[in-house]
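Could you put the whole structure together from the sequences, leaning on the hints where they help?
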Amino acid sequence: MGLERWFKHEGVKYLSVHDLLKEYLEQGRIKVDKSKHPELTTYHDPCNYARKSEKTFGHGYYEEPRWIVQQCCENFVDMTPNRANNYCCGAGGGAWASPYNEERIFYGRVKAKQIKDTGAKLVVAPCHNCRDQLMKSLKKEYDLDVEIKYLWELVADSLIIEPKE
Amino acid sequence: MEPLLLTQRERRKLASQYAERCLTCGTCAGGCPVSGVEGLDIRKVVRLAVLGLDQEVVDSKFPWVCTMCGRCEYACPMGIDLLTLIRSARWLRPRDKVPGTLHKGVEMCLKTGNNLGIPKEDYLFLLEDVGEELAEELPGFKVPVDEKGARILVTINSKEPFGEPEDMTFWWKIFYAAGESWTVASENWEGVNWGLFTGDDEAMKEIVGRIVRNYKELECEYLLLPE
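Heads up: the protein sequence lines correspond to chains A and B, in order. Take this note's numbering: the final residue in the first sequence is number 165, and no numbers are missing along the way. Take this note's numbering: the final residue in the second sequence is number 1227, and no numbers are missing along the way.
If you are wondering where the hints come from, they were derived from the structure by calculation, not from laboratory data. Every value quoted in this text rests on a predicted model; they were computed, and no experiment measured them. Nothing false has been slipped in among the hints.
Straight-line distance between alpha carbons at most 27 Å, and here's what the computed DSSO-like set of lysine-lysine pairs gives:
{"#": "1", "chain 1": "B", "residue 1": "1142", "chain 2": "A", "residue 2": "13"}
{"#": "2", "chain 1": "A", "residue 1": "136", "chain 2": "B", "residue 2": "1104"}
{"#": "3", "chain 1": "A", "residue 1": "8", "chain 2": "B", "residue 2": "1111"}
{"#": "4", "chain 1": "A", "residue 1": "140", "chain 2": "B", "residue 2": "1159"}
{"#": "5", "chain 1": "A", "residue 1": "136", "chain 2": "B", "residue 2": "1159"}
{"#": "6", "chain 1": "A", "residue 1": "8", "chain 2": "B", "residue 2": "1216"}
{"#": "7", "chain 1": "B", "residue 1": "1216", "chain 2": "B", "residue 2": "1142"}
{"#": "8", "chain 1": "B", "residue 1": "1148", "chain 2": "B", "residue 2": "1111"}
{"#": "9", "chain 1": "B", "residue 1": "1159", "chain 2": "B", "residue 2": "1148"}
{"#": "10", "chain 1": "A", "residue 1": "31", "chain 2": "B", "residue 2": "1142"}
{"#": "11", "chain 1": "B", "residue 1": "1205", "chain 2": "B", "residue 2": "1120"}
{"#": "12", "chain 1": "A", "residue 1": "36", "chain 2": "A", "residue 2": "140"}
{"#": "13", "chain 1": "A", "residue 1": "13", "chain 2": "B", "residue 2": "1216"}
{"#": "14", "chain 1": "B", "residue 1": "1104", "chain 2": "B", "residue 2": "1120"}
{"#": "15", "chain 1": "A", "residue 1": "55", "chain 2": "B", "residue 2": "1205"}
{"#": "16", "chain 1": "A", "residue 1": "13", "chain 2": "A", "residue 2": "55"}
{"#": "17", "chain 1": "B", "residue 1": "1061", "chain 2": "A", "residue 2": "140"}
{"#": "18", "chain 1": "B", "residue 1": "1148", "chain 2": "A", "residue 2": "8"}
{"#": "19", "chain 1": "A", "residue 1": "113", "chain 2": "A", "residue 2": "140"}
{"#": "20", "chain 1": "B", "residue 1": "1142", "chain 2": "A", "residue 2": "22"}
{"#": "21", "chain 1": "B", "residue 1": "1120", "chain 2": "B", "residue 2": "1216"}
{"#": "22", "chain 1": "B", "residue 1": "1104", "chain 2": "B", "residue 2": "1205"}
{"#": "23", "chain 1": "A", "residue 1": "8", "chain 2": "A", "residue 2": "55"}
{"#": "24", "chain 1": "B", "residue 1": "1148", "chain 2": "A", "residue 2": "13"}
{"#": "25", "chain 1": "B", "residue 1": "1159", "chain 2": "A", "residue 2": "13"}
{"#": "26", "chain 1": "B", "residue 1": "1159", "chain 2": "A", "residue 2": "22"}
{"#": "27", "chain 1": "A", "residue 1": "8", "chain 2": "B", "residue 2": "1205"}
{"#": "28", "chain 1": "B", "residue 1": "1205", "chain 2": "B", "residue 2": "1013"}
Just a sample of chain B residues kept apart from chain A, beta carbon distances all over 12 Å, derived:
{"#": "29", "residue": "1013"}
{"#": "30", "residue": "1024"}
{"#": "31", "residue": "1092"}
{"#": "32", "residue": "1118"}
{"#": "33", "residue": "1149"}
{"#": "34", "residue": "1186"}
Ranges of calculated distance between the beta carbons of each label pair, as one might list FRET restraints:
{"#": "35", "chain 1": "B", "residue 1": "1027", "chain 2": "A", "residue 2": "147", "range": "32 to 38 Å"}
{"#": "36", "chain 1": "A", "residue 1": "67", "chain 2": "B", "residue 2": "1030", "range": "31 to 37 Å"}
{"#": "37", "chain 1": "A", "residue 1": "99", "chain 2": "B", "residue 2": "1027", "range": "28 to 34 Å"}
{"#": "38", "chain 1": "B", "residue 1": "1023", "chain 2": "A", "residue 2": "56", "range": "22 to 28 Å"}
Note that the Cβ used here is the ideal one computed from N, Cα and C, for glycine as well.
Laid out in structure tokens, this is it:
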């Protein structure tokens, strides 16, 4: 965001994690095995990649991550609502580093219910902050019987790696 | 209590450019998980701002409980810049009253190049150490530091070298499998910019500027934004 605002003239070319992972998969630069993740899996839209990216950059990353997840998982289900109308994990905007824990957990009740309602056993998040809130806080506060992974963790765990000499 | 004459409102700092357009419909607050916390919600924040009661908003913890997720702004039928409003309220707090570790992180980043103040030697040692461990699984793997001409410059979230170093290997494995040409910088490698959260444009700009300098000096083609 700061890049666009102050350094546009510098001509920095940037890639989001979605752009790069999609490029690798589409071009066959990496191979993944989806049978490693047979469990029902859902995807959390972080505010920054979803509606805020749409607003700031004119493109929300909605479909790319869903496509990437489905290359690595056999069974996918969306939360409701999702994409631009998805609910925040509750720890965004610096709330994870703020002292208002009670409010942060209260905020997360909506996200926790969304996850529970999908029945998924694996939740994928492409944001450090969301992942921490889901894995280290909401999971225990709301007894969520799920595993949480970063998007790139999911991809790394699905890799078929041929060792290079 | 004296009535507040709208014609005599003090110059308002907080009211965003479009706040006067508000129809008070409540669509914003209706879809917000923290409406009511601290007796406030985003619709009331707009009313306070329009009335020039800036200080009530600035002193409240509501702007910090709000995660600036943007759901309200996305739904607002009048296109009011609600996120700018909240972020300005955060900026109007004196820096020593910014809650938690956010501003301390910004200061630390300006001073040391990362939010948690990890010294350069420790960071470089860790990259080598975790890299060597991964090389047992992936022969020939090494973390490329300051590699000129690499295709992609990668920043790092300081919480990983600080507390979860193994998590760095997810990306490393992917780069290895893809045969990617990538590098990390030995200084100013922080990928998280807390100036965004504390409303601090100056700090935010400085931190982004350092990444741009790394990108230029290392002659990379792309910058990978970690989140």
